[in-house]
Every structure is written in C-alpha cells, then in structure tokens.
Amino acid sequence: MKIRIIGTLIIMVLIGVGYAADVKGKITFDGKAPKMKPLRMDADPVCVANSDIKPRKEWLILDENNSIKNVLVFVKESKSGSLADSYDTPKESAVIDQKGCVYVPHVLGIMVGQTLDILNSDGTLHNIHALPKVNKEFNKAMPRSKKQMSVKFDKVEAPFKVKCDVHPWMGAYLGVFDHPYFAVTDDSGAYTISGLPAGKYVIEAWHEKLGTQTADITVDDSGASQDFLFKKPSKKK
Amino acid sequence: MSESQERHYNILKLNRVFAISSIIFTAVWLLVFVDDYQRPWKKYQKEFRKLEIEKVRAELSDVSIELESNAEYNALKEELSSSEQKLQNRQNELDDIMNQLIIMEAELYKNNQIYQFAKADLDVLKYDYEKSQVGYKKNTDIEQKYFTLKDSVDKYFFIREQSEISIDQVNDARQKITNEINQINSSLKSLMREQSMMQRKLSKVDPEAMTLANKIGNIVRDLPVLDFIDPYYEVKQVVVNDLEEDLVYMGMPKVDRCMTCHVGIDKKGFEDSPQPYTTHPKLDFMVGASSSHPISEFGCTSCHLGRGRGTGFYSSAHSPNDEETAHRWEEEYDWEPKHYWENPMLPTRYSEAGCYKCHSGNMPLKEAETLSLGLSVFEKSGCYSCHNVARWDDAPKSGPSLYKLASKTYKDWTYKWIMEPRSFRHNTWMPHFFKKGNNSSPKDIVRTEQEVLAMTEYLFTNSESYDINSMNITGDYDRGRILVSSLGCNGCHQIQSTPDPDYDPTIQAIRTEQGPNLIGLGSKVNEDWLVGWLKNPYSYHEGTKMPNLRISDQEAIDIATYLLADKNAEFDDLPTPQVNDKILNEISADFLSQLLRKSQVDEKLSDMSTIEKLNYSGEKLIGHYGCYSCHNISGFEGKKPIGIALNVEGSKLISKLDFGFWHDEIPHTKWDWFYTKINRPETFDLIPNDDGSVSVKELRPLDKSRMPHYGLTEKEIDGLVTLIMGLVKDEIPETKLPEKTPDYLAVANGERFLHTNNCLGCHKIDGEGGAIWPSTAVWLEEIAGSQNSEDMSIVQSFSPPLLNTQGRKAQPEWLLNWFQNISMIRPHLQVRMPSYDFTHEEWNSVISYFQSKDGLALTYENPHNFSTTSDSYIAGQKIQEEGACINCHFYGEKKPLQDAITWAPNLVLTKERLRPEWLIEWFNNPQAVMPGTKMPAPYIPVDEPISDVKEYWGDEVASFIGDTTGMLYGLIDWMWGMEGKEDVSSIVKEHLNNEGYGFISDDEDDEWGDDEW
Amino acid sequence: MSENNKKSFLEKAAESQVWKSIFRGGGVPRNRRQRMMSVLNSVFLHLHPVRLPKHAVKLKFTWCMGGMSFFIFLILTISGILLMFYYRPTIEYAYTDIIDLAEQVPFGIMRELHRWGAHAMVITVWLHMFRVFMTGSYKPPREFNWGVGVVLLLLTLLLSFTGYLLPWDQLAIWAITVGGNMARATPFLGSEGPGAALLAIGDINFITMASDARFILIGGRFMGEAALLRFYVLHCIGLPFIIMIFMAVHFWRVRKDGGISTPV
Amino acid sequence: MGSFKEIVNTISNPTILFTSVLILFPFIFPPTDWFDKWHRKLGLHHLWGTKAIIIATIGMTAFFIYGLGDYNFQKIVLKPDNVPISGMIFLVVFFTWLSMNQAYKNDELLDKGQKPDEFYEAPNDKVLVWPDLVYVELISLIIMSAFLLVWSIGLPAPIEEPANPTESPNPAKAPWYFLGLQEMLVYFDPWMAGVVLPSLIIVALMAMPYIDRSPENSGFYSYKRRRLGISLYMFGWLVLWQLLIIVGTVLRGPNWNFFGPFEYWDVHKLEALTNINLSEIIYIKFLNTGLPSNILVREIWGILITLGYFLILPPLLAKTILRNMYEKLGVARYSIFIVLIITALTLPIKMYLRWIFNLKYIISIPEYFFNF
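Each protein sequence line maps, in turn, to chains A, B, C and D.
Numbering-wise, the first sequence is residues 1 to 237 according to this note's numbering.
Numbering-wise, the second sequence is residues 1 to 1013 according to this note's numbering.
Numbering-wise, the third sequence is residues 1 to 264 according to this note's numbering.
Numbering-wise, the fourth sequence is residues 1 to 372 according to this note's numbering.
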C-alpha cells in the first residue's frame, strides 16, 4: 500500500515534471443564437442601482462566432491510470461574488475541501442557497453588512445550482471535483485544462442548458486539443 | 475321507462367497461412515472458511500496513529496543534478584506450612478447650496447652508475614528495573490491539497461521468419528425459546440451523460473496446483533418460514423466486419442492410477508415496500369489502355510495360501466365481473347483458333524490383547467386519458389514484351534480373521502366546464341491449327456485311484470355479486360481505386450496395459488387443454366464480400475495412485538390515518409522500415556463408544505383550530388545504401523531413572555431589519418587498402558530428541518468582533455577542410583539390579480426563436 | 522341521488356556468331532442340531427366510436401542427428535436402518410362512409350531404397527388412526361395534367411547400423548418381550418336532 | 405409448382386475383334475419353467422402468413407504415361481415312482451344521446387513408434517401391510374388515394343520398331491393378501377412489356411489311397500339369506360336491373348514354384489352398528 503510494508519487513527479501538458479547445454553438431578453430586476432597487452593465440572461452566452461561454470542461475519467489517488487541496480559495444581483462567475469548478469565498458586493440582503444532491444543502442569509462568508464541499458532485431565493433570477452552477483538471470557457468559448499528465482520458463538457458531451483524448507532451460543438437541445415532449 | 460326505457345500466356494460378501459388507460400512461424514453443509463451511481466511488476512495486512506507517508505533518500537538494550546491561543485577527471589519463595513456602500446621492443631485444640468449658470441671491442662499454642501460632504468622514483606521488596526492586519496558509494552499493546485481534482471529481459522500442535489438532478434530467431540465444521443453530415452532396444538422452541450453510449471514464483509455465504442484505435492520431483530432473538424461519431444523438444501424447504431459479436449483442442488412441510420458505419476492406477523398495525411498513404496496392495493381495490380482515373492520366501503346514483349519472352509462368498467376508465379500481374467462361464451354474454340491465334498473329505481341547484353562470374551460391543476386535485386524482406504458405501481403512485382518474366525465355525470359535488361533496355522501375545497360558484362552474368537456365517444357508442323476457325469466327463476318449487316459480313469474322481474333479479344479483360490499346500495344495509374472511388465510393448509384441473400448470404452492386467483380469478372454473387453450367447466350461472378481475400488474399482485401470506394465525409473544407505548400507538395510528386519508398525496413528511409534486411542475410549466418548472426548489415552494417536525413546530391549540377553520398561511400557494369533516377525536389523533413522532408529550406549554423594551426585543428588531425578513414575509398587511414568487407566511401569525423552541431549531438551519426550503438561515453577527457589531448592529445586539440562542430569542420576542392583520388573503388576491407572481423566465421558446431543427 | 512347527497361529491360539476356557471342547474345528462339538458347546449355535439333512442347508429349499427374519430382528434390536438414546416419546419432542436424527445426529442412519429393517422383516416373515406352507412343513407333528409361527407373524406386524406411530408425523398418526378406528368396531368391545349396546344395564352403557377397545389401545378418546406413550412402551418393551418368548419356543420346537421337515 | 398407459389404467380397475384374476386363477393353480387338464392344455404349466421367470423378471423390470418415466406412477411407487411393496412384488413372484418350479419337478419324480428331490437316506445324506449351515447363515447375515445399509443410505426414511389430529390427509392410509384390510373396508363394515376377518385369518392359519392332518407330502415341494390345499392357500395369499395390498396402496387415491397407476390423484374424481341395502331392494324396489319400521321384519330377508349361507350351504355341500371331503374330515373339521372357506368367499361375493347390484349391506342394522 505504502509502496504503491510512493511509487505513484514518484511516477507523478516524473510525469509532472517531464510530460505534463495542457488540453485546450474551443466550444461553439451550432445554430441560431436565441434572442435574450434583459433581466427584470425592479423588485429590488438596489440591484438596479448596482448593475453597471445592463444585465441580461445568462443561460446561453455566445460571442459573435457563436462560441459558448460558461461551459465547464473537466476530466471525467482516466483511461490509462495516470490520475493520482488524491490531490492536495489548493490553498487559494475560489471566489464567487454577488454583484449587481448576479453571480460572478456564473459557472465555477472547485475542488473537494477547497474554500469557496462568497462575496456580497451589493449592499442588499442576499441569500445563498446551494442545492446539491450529494453534498449538504445550505441556505444562508447575507445581510448587507455581511461582505464575505466561506463554505467548503466535501464530496465530489456534478454541477448543481446555487440560487438566491430573495432574487429569484440569480443563479450559478458549481461543480466539485477531486482533481484540479477542469476549466470554464471564457468569453471566446476557449478553455485550458493545464498540467494534465500524459495519458488517455475522457473529458466532459457540461452546459446548463445544452447538456453534456464527452470525448476521448490522448495527451502527449505537446498536450492535446479537443473542441466541442453543441446544438440546441431537442424539444421536450 | 468319510467325513467329507457330511458336507454339502464346497468349503472353498463358501470361503470365496464369504470373502466377497465380507468385502461388500466392509465397503458398505465405509460407505456408511462416508455418508455420515459427508454432510451436505460441510462443503459450504469449508468454502466459507477459505473466504474468511482471505478476508481476515486482507484485514490483517491492512492493519499491519497502517500500523507500520503509524509514527507513534515506530517511535515506541525504537524506544522499546533501546530499553531492552538498557535492561541487557543490568542483566546481572536482575539475575541476582531473581535468584534471591527463588530462595525467599522457598522460605515463604516453608514458613507458611509451619503456620498452617500449627493453625490446624490450634483449631482442634480450640474445640477441645471450648468443650472442656462445659460443666463445672475445668480442665486447666487443655487451657494451658491451648494458650501456649495460640501464642506460637501468632508467632508463626508473624514470621510468614516477614517473609512476604521481604519478597515484596525484592519484587519491587525487580519491577523498577523492568518498569520502563513494561510501560512501553503496554502502550504498544494498545496500539496493536486491533492487529493482535486480527491475528488471534486468523489463528483460529487459518491453518497456516497456527502452531504445529494446533495445526494437528485442527486436522484431528474434524476426522471421521472423532468429529463428534469438538469439530470445527459443525451444525450451527439458534434456539429461540419464546418463539415457537408450530407443531399443531403445541409449540417447541424454534430451532434454526440455517446459518450452518449461510455462515456469513451475520458477518459484515461478505455482502458480495455468492450464496450461501452472503451477508444479510439489511444487516443493520435484521439479523445483526445490534439491529432491532437480532438473529439470536428472532431466528430465521420466524420471518422467512421454511424448515429451520433442516441442514440440507431440500430438507430446509427452499422456495425459488421464479421458474428460472427453480430450474437452476434442480440442476445445481437436486432441488424439488419440499412436500410434507406446511410452511416452506417464502420466495424472496414474498419474504416481506413475515413482517406482517408482528407489524400488522402499521401502514406503511418501513423497509417493506412490497408488503406496503400490497396493503395499499388491498385497501384501494376494496378487497377488504368482500373478504373480512380484522384490520379493516371499521373501514368505510371502498366504492362510492350509490344511494343517489340517479342524480349523478345515466342508466346507459351505468349499464356499460358495470359491464366493462375499464372500457371507460383504463385504470379504474372497479373490477370486471363480466366478460371474464368463465362467462364470455355467446350464451353467457346474452345472460350477463340481462343481468346487468336488471342491476342497473334496481339501482336507478332505488336511488334517492339529491337537491341540485342549477346556476346561471357560464364556466371557462381554461380557467377550469388551471384550477384543477393548481388547487391540489392532483394529489388524489389523475387525469390520464391513456394507460401509461411505464406505469410502476408504488405507494406513491397509488396516492394519486385515491380518487378516480378524471377522464370522460362528459359521458358520465351531469353538470349540476358535478357542481354541487365540487362545492360540497359531503352533501352528496356523508362518508366520502373527497374533502371540501371551499370552491366558489364560479370556480365550480369553471372546473365542471373543463372536466365535462372530455367525453369518451367510443364508450358512448357501445350498444345497450333490450330487455329479453325469456332470459330475464331464467334469471329470476334461478333465484326464485332457491325458495320455491318449480311449479310455484312458474306461477310467480307469470304474475310479475317485466319491471318487477328486473327489479327482483336486479336485487338478487346485486346480492349475488356482492356489489353492496363496496357500495352503499339501498336495501342492503348491514348485509354481510360475500367473500371468505382472510384473517388467517396465510395459515390455511395448502390442501384446502383447490387447484382444480391446474395441478400440472400451477406450482403447488400457496403463493402461486393466490397469485393465480388474483391475476385471473376465474382460472379454477377453467380446464387447461394440451394445446394451451382452455375450456370452461360445466357450471350453472350462479355457481361460477364471482371473484372479479382487477387488471392488476405483477408487482401489485405480488404485494397482495405478500400480504395474504402474512395474514397468519401465529401467536407472537409480547416480548417479540414492538413495545406498545402510547407514543408508538399514536404514531402507528397516525400513520394509518394519514395513509387512509391520503395526506401524503400532497404533503411530504421526512421524504415520504408529496405525490402531487410532479403535477405542480406541470402547472408551473404552464404558467411560468420550463425554467421554473424544472427547478425543484420552485416546485417545492409551490407544493403543499413539508410536515417535518410538525409536532415540535406547531402549537396544538392553533393547529386544531386551523384544521377546523382553514385560513391562508402561505400567501403564494394556489394549492388549498381542504376542509375535512373529521371529528375532534380524529384531528386529535393527527395532532398527537405529530407530537409523538417528534417525541413531544406536553400537556401544557409555558406562554412565551417578552417585553417590547427589553434588550432582547430591540436586538431582535435589529436582526430582523438587517435580515430583511420583509423581503419575503408579510408583516401584517404590509406586503413583502419582493415579488410574489418569493412570498412567505405572515409573521403576525407566528406567535399563535409556532412554538418558540422549534423556531430556534428552524433559524439555526432551516435546510436541516425542511430540506429544500427557500428560507435562509437568518444572519446572526455572533462571531464578529464586538466593536464591529456595536458599530453596525447597535449595543443591544452586541450585548448578546457569542450567544446565538439569545439573539434568536430576540428575533422571537420581536415576532411575538408584532401586531397586525392576520388574514391577508384579500391583499394577496389583489396583488396576484394585478401583478402576478413575477416569475423570472418567461418563455424560453420565445427566446430560441421559431426555428426548429 | 517337526509337525508341531507347522501349526498355524490359529491352531496355537486354540491350544492356549484362554481359548480353551472360552470355547468348550477347544481346538479349531477341523475334524468331524470338533465340528460337532463346536456346535454342541456354543450357546449360540446349539439350537442347531449337529447334523442336518442335506436339503436343510440348501438355500433353494429354505430360502433362509426364517434365519433372515431372526437376523433382522437382531439388527432392529440393536438399532432400536441406539434410537432410544435420542428419541423421547412425548408429543413435543417425538417429531423434532426424528428430524434431528435425520439432519444432525451422528449416525442418524440408524433410523433408516430401523425403519427399512422393519419393513424387510414383515416381508421375510411372510415369505418364511409361504415356504413352510409350500413344503408342507406345518403338518403333524409340527402343527403347534406352525401356530406359534402365526403368532410370531402377528407380533411382527404389531411391532411394526406400534413403531409406525412413534415419529408422530402426519403419516404416523393417520396410519394409526385408520388402524385404531377399526378397534372401535370390535364386536361387543368397541363403542361402534355390533353388540356393544347389549353390554348395558338399564340405561348405563358399559362400552362407550371412553371404555372400549380403542380407548384401551390409544389410551384416550383421541390420538394423543397417551397413545404415543402406550405405543412406545409396547414397541420397546412389551411386544419385544413377548416375541422373544415366542421365538424361543419356536426355535426350541423346531428341534423338538424333529428338526427340519423331510420327505418320508 | 399413451394408449399403453390407458390400457394399464383400465385393466387395473378392481372390477376388471378382480374378474380376470378370478377367472385365470384356477387355471394357473388348478384345484382339480379338470382345471389341471386345461392348465396343461393352455400351456400354463410353462409358467413354472425357467424361461418364464426370466421373461417375467425382465417384463416386470421393464414395466417399472417404463413406469418410472411417468410422473404419477413415480410419485406413488417412489413414496418411501411404498418402496418395500415394489421389492415385495418381485420377491413374491420369484419365490412363488421357485416353489412351484420345485414342486413340479418333484411331482414328476413322484409320478415316475422316484423319490422327491429332497429325499435323503439317513444317515448318509446328512451334513454337519458346522461349517455348512453356520457358514451359510453367517453369509446371509452379512449380505442382509449390507443390503439394509445400502437401502438406508440410498433412501431416507419418510418424515412428513408434524401430526395434526384435525387435518386428515386424503387418503389416510394404514401402514402398507394392513392395506389389504383397509381395502376390504370398501365392501365390509369395520367390524368385519378390521376385526372379524383378520381374526379369522389368524384362526384359519392356525387351524390349517388340524384340518390338513396327513403328514404325507411334507418336507418337500409338491403340488399335484396337495392341489386343493395349495390352490386355496394361494388364493388367500396371492389374491386376498398380496393383490389387495397392492390395490390398496397403489390404486387407491383420494376418497379411496380407484386410480390407475398412471393416473393423477385428483381429489375431485367422483365415483357414483349410490349403494343400497338388501332390505331396500326388496321392500322398495320389488314389493313397493316402503321399509317396515320393525327392524327384525325389515332385515328378515337378509338374516335368512345369511343364515342360509352359513347354516344350510355347508350341509348341502357336504351332501353333494364335497361329499368326499366331508367323509374324510368328519363333522367337526369339515364344519370349521367350510365355515372358514365360505367366510373368505364372502369377500369376492360382496365385491360382485356391490359391482353388479350396488348392494351395500345384506343385513343393515345401523341402530346396533350391525351391518353385514
């Protein structure tokens, strides 16, 4: 047991130093972009006052090239066994802010045990209501005086919703992982999972409305690239 | 030789025969030994030992590795070796001490002996001395001897003591030297406890881990013949003294030997091992020593049935779950059904029958899904109406009342309905009496048509009147549709026009079948009746389970418009036959001839008009088919049900079940018989043919099996069979039953009451129930789009509230009052808590259920005292202000700041409604109390720097710093101090009318645009 | 080498004092005299004559059925004694003890041996009777011994019948019930037998359900504890005792009536 | 092959089975010269030849093996307590053959004026008990023990459900060796079938040597010279004893109805049982007067017939057919003999009266439990 752990560590160090590489890619949307209506926030004047940009809905954000923002891409499983049994929890916290009555960022990945700092930049009462299925549900009020609180998640879980019951339009998604190999696409729909040791993996791209896609990739010392193309989900019923 | 003439047999030949027969004889005896030694269970125990060795070895190696990587352990080991080194250096010293000790112990032994001898002499002398005191002559000689000896004994005692003291001293010296090592050893031992436990365990099972002597012993103990002494492989058994094996008129303590082969049944860690080594699948609930049903107290066959004393696969009466298993067993174990044992093991699909023996007062039974489903189906199907089961003695009739039938529906409809209910409503609980396998020949059909006509005629002739007022309002279809989906109708009713191919019967699914599936009503009922019924069901039938939803005239008309729009054209087109006098005569004659002679029958018939005949035979037929068992019908009050009682049906001897001509087709088990009887009740009126078809036995119409066909699924029938198999006459001693504390009874009764009245159709308690939720989602989809309907937290907030911790939560006086006068609590809800006409007692039983469930047994509660000038109150006010409760909660008539979608109860109600103790619990973590609730835990500045708190929150809050409960009580004080309007329903109504809910997303489809891919 | 040295071990042993003290007459039966003596002097063998007509040792003639019956009786006695260690004749224990014998007890096969032996004995006794009839051996002077044999047949059946009840299972009690009910119809002595009503003085019936032959047989009006005990005692002590006496007479009379029958 | 099973089922029916056995019996075991003549003409004496037993053994074995393929047959025959019967059938057939075979050989020898096979000349033909007899006995003991042990290992002894006095199995059967008596219950009341007839069997067996007194023809197997005796004995032993046991065990199912060996024991099977008493036949059927209330008057016909059967028939026979026998035996012996014989004959007589006239009782006085 012990030997195995040491062995894995050694291999990891070797690979990590020598062959760790990045996985990059771009995620695009195939189809006509929906016309997003602006958010109505009149219920809370503070929100209207605080939002510097005119807020719009966030469930599908595309740029002019139809690249999708806010897709969570992560290593789902390792096929050639080069993922370690456990990874150190990052010292630095992940941050989610409540600003202008929206969550920034809208989609976020964190690691098990990593601290999530929840900021309240608005001068109004928010409540942060996490709705996980595996981890513990919580719903905490953050009055205007409370600028920051911290939480941790101790189990791996697929992305789940975080919402504010006072401002029903506020929503964010959180995925919890036991490894550091995940990324969220930026404005241009690009993502980078860095430092992935060479090997074969299955990666998954998750989007809140468009669903998930997986792909098999092989990472060598030059890294790998994997693009995804999402389509409009077929209508239910 | 002359002698040889006196012989007949050739001696050599005889010798040969003798030799052969002796060899055979010896071989047979060997065979006897082998047969005796090779018990069938041995190979399982051997195999299991291997598994166990493997497991213990793995555990041991895990523990060892863990130990090796334990820093403390390694340090101690180092220390130990250095201490040993030190000891080595002082070895000479220690040796001296040891030598000294040996000499001293010898001395002690000697001295002790001298003392003991002297003492024995002294005791003798003591008796002589005492005896010499009797009488007047004193024997001074003895007296002197005695006292002399006494002195010397004391002396010897002292000498012995000296010896002991010096030994102690030397021992101390020795101990000082070895002390260090001993201490290290003892702390090592405690670290290694687990390891040594494993080692000890392993040395018992694993020959490789044994000493040589034990290894030999291990082999010898299981040798033939010697194995009667203390074998490793042996028959294991549990004797349960107060549970009895039924030996007819007497009981023997239950002896179960199942664990002889099922060796791992009570051991953790064999969950994935193959049978028979598998751990019990619910070890924490059953079998396990710490479970509520430990094997030592309950055995195995008390629940599973079977022949507990058996130690073979066949002799223990295993029962296969299905045919495939049976075939496999036949091949693998030479299995055949165990004849000559009344209670063979229950197949696993029915094993929950065993639960019912002791837990017959509960519903649902936790961890017994099949049985609970069976109970539910039994109740819904109205089995108890015809077949008496004591549990349902007081239950109302399971079908609707037919007293005022004529006001509700039409003759034509009634005829077609009785003939074939499922052609109108595909999933109705009303069973098929006609068009079954035993009455479907053309001749039978002609007769049953007339029978149904007669019954319909009787029902309508004897129908009472029902006052209905027509109303001159027009209804709106869409409004009606929204009302039906939002008022809460779906908690009990489905509207499902075609059967769901994926229908999976569960208790939850049946909750939405509490009332009928509301389809085709346009073909069935008349509008005025429906409006009257919706407005007050009790006015039509007092005992109905349909509650009053306080529906206004307009709402009633809207709903009726919507429901009546659905007509079943196919059903409407079914023909209704004409009265056929000849057949009607036959039917009437069948009944008349039970009382009269043939000639009298003919005479009577000729005197009767057609209508009279219809009514006469209708009445008789209703009695014959037992319609009155489930329905209230005029003229049948107080009549006994027609079916046989099922109270101890599970104990019925199988010889009392008539397999008819199906002895080769249906396995000869009770459960298979019951299954067949429920699945196709007419089976035993039929004769199977070789080609798979059936023919019908020669039976007179009135002799045919009347049991109707329910069209149940396999899972539902399995549930019913499980229940029936559980209806046994076993007498279980009190010690084995759940303790009947008042709390237990209150909870059990409450659970049954809640089940009977389908409270869980709407409410969820501790994760159970809430059958209405999916339809809330459907409604939300319609009014707010899929973004909302897919969000479970929104669905939850628009569904009837969770009732977790209701006992701790609500003040009982308020709760009772509220039950009787329902008023608005959650302003955003459309779904309505109905007004039930339960009695005080019934409401009380509900309330005490909630209280007992939460372990609350208060008869009197202290009022919550507060003062509006106290620090606490002011702090509470501040917290409320910062927490912005007003965002969602009504403060009297003060509307919440946010849109209606976030609304929550009027806080003015709180002081009457909720218990302060519960509020503390609630504020601390609302999600722990009501998972998924939108209520956030109010923010309490409890661990912020006091200066910050003073600056921001004020002195009063700061005075409670570090005291969460104190601050929360402040909040409660503030709420108790609130005054204002309690009933905000008109405000809510107005707001919703003008501004709506303020749902966020609107239609996604709009945003996607019109393109379809 | 002298002849003495050629003596086998057996012969040497037969000359020892121990041998001689045990087997009267001594010596390995090698010659005619010794053979005769070995029969005459053995308590077990002396119920045989020393010499027999030739056909008496032919299996074709005797079928050995009488001997077999006796052997099976011995086997039944031994296995029966072993069974008595485990079996308790009460309605609580009887049934479960039998199950335990089948499932758990070492050498529980004794029960099988006992039961099948009992069936076999019934058949061998019948066949013995058949043989005796077919050879005309019942004729004078053996007519009395034939009668004794008939009694032995009856006792064999009764032994088997009483043993049949002891497992106290459905097979047992209903078999015995069917048999026992016939006793109820015994003329005069059975409560439902013809003539029982005649044994009455005035209105007082002497033969009732509680005093008739069946009651005596099963010790009660219903098949129960008393019946089991009665049958047990009869099976283990009463009938074996009687049958042994009759067997002794039977064997003794075989010799006294002129041994095995022979054609004149 | 289905039809073969049906044929077997049909001929197993007691009426057919019994009638054919009754007809065949005197030709197989001829009691008189006339039958003996036909016995030989029909070639039935070959039954006692060597070929016959080989064929019979093979035939019976084949039948059993074939039958065991049938579920219903298997269920009855392999019921543990019925297994001895199967063995018994083979043994009885074999030993009957063996004795008859030797008897016929001896008959031939005697006919030729020679001595029977068993004859010996004392003292030359005597043999010593040690070792011949003792050895043979020892070997039989060993083989017997081995056989019983093998049987015990192979076939577990039956143990059924715990005794339940309220739940009678259907059919409830006595131990197999008493099933002949139970079968008689069909035709007689318990007091006859269960008490009188068994007692008479015992008495008859014991009386046998006192009726057949001549010491001739003893000590060896013979038939011809003891024809009548053996034929009668064989009838009692093979037909009234063995056959009835087999019928009672194998062919009687629920409600004591008849079931063929290949027939399913269906509790629903019905047999028309509308049996009537002699008094009813006479008074209701013939005289049309209704039953007289006086018991004696009612039953007088039956009583007369019975008395006639037992009191008038014997002297009648003594004067006519059995005159020789009467003279040979004398009054006392003849009376005992003839009463025993005609009592035994009541069984077949009642069987046929039942089958032909549905007659239940000749005398029926249920008031005093006296039915005959």
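Calculated directly from the structure, the hints in this document are not laboratory data.
A couple of the hints might just be wrong.
Cut-off 25 Å, straight-line C-alpha distance, at most; resulting in silico cross-link-like pairs (DMTMM-like, lysine to aspartate or glutamate) [what the hints assert, rightly or not]:
1. K736/B with E225/C
2. K46/B with D412/B
3. K256/C with E137/D
4. K360/D with E192/C
5. K697/B with D266/D
6. K697/B with E781/B
7. K60/C with D266/D
8. K161/A with D63/A
9. K54/C with E121/D
10. K338/B with D100/C
11. K236/B with E192/C
12. K231/A with E781/B
13. K133/A with E768/B
14. K443/B with D412/B
15. K50/B with E324/B
16. K173/D with D141/B
Quick rundown of the hints versus the structure:
no., hint, result
1, K736/B with E225/C, "violated, 30 Å"
2, K46/B with D412/B, "violated, 72 Å"
3, K256/C with E137/D, "holds, 21 Å"
4, K360/D with E192/C, "holds, 18 Å"
5, K697/B with D266/D, "holds, 15 Å"
6, K697/B with E781/B, "violated, 56 Å"
7, K60/C with D266/D, "violated, 45 Å"
8, K161/A with D63/A, "holds, 24 Å"
9, K54/C with E121/D, "holds, 10 Å"
10, K338/B with D100/C, "holds, 17 Å"
11, K236/B with E192/C, "violated, 51 Å"
12, K231/A with E781/B, "holds, 23 Å"
13, K133/A with E768/B, "holds, 17 Å"
14, K443/B with D412/B, "holds, 22 Å"
15, K50/B with E324/B, "violated, 30 Å"
16, K173/D with D141/B, "violated, 93 Å"
Hint compliance for this structure: hints 1, 2, 6, 7, 11, 15, 16 are not met, and every other hint is.
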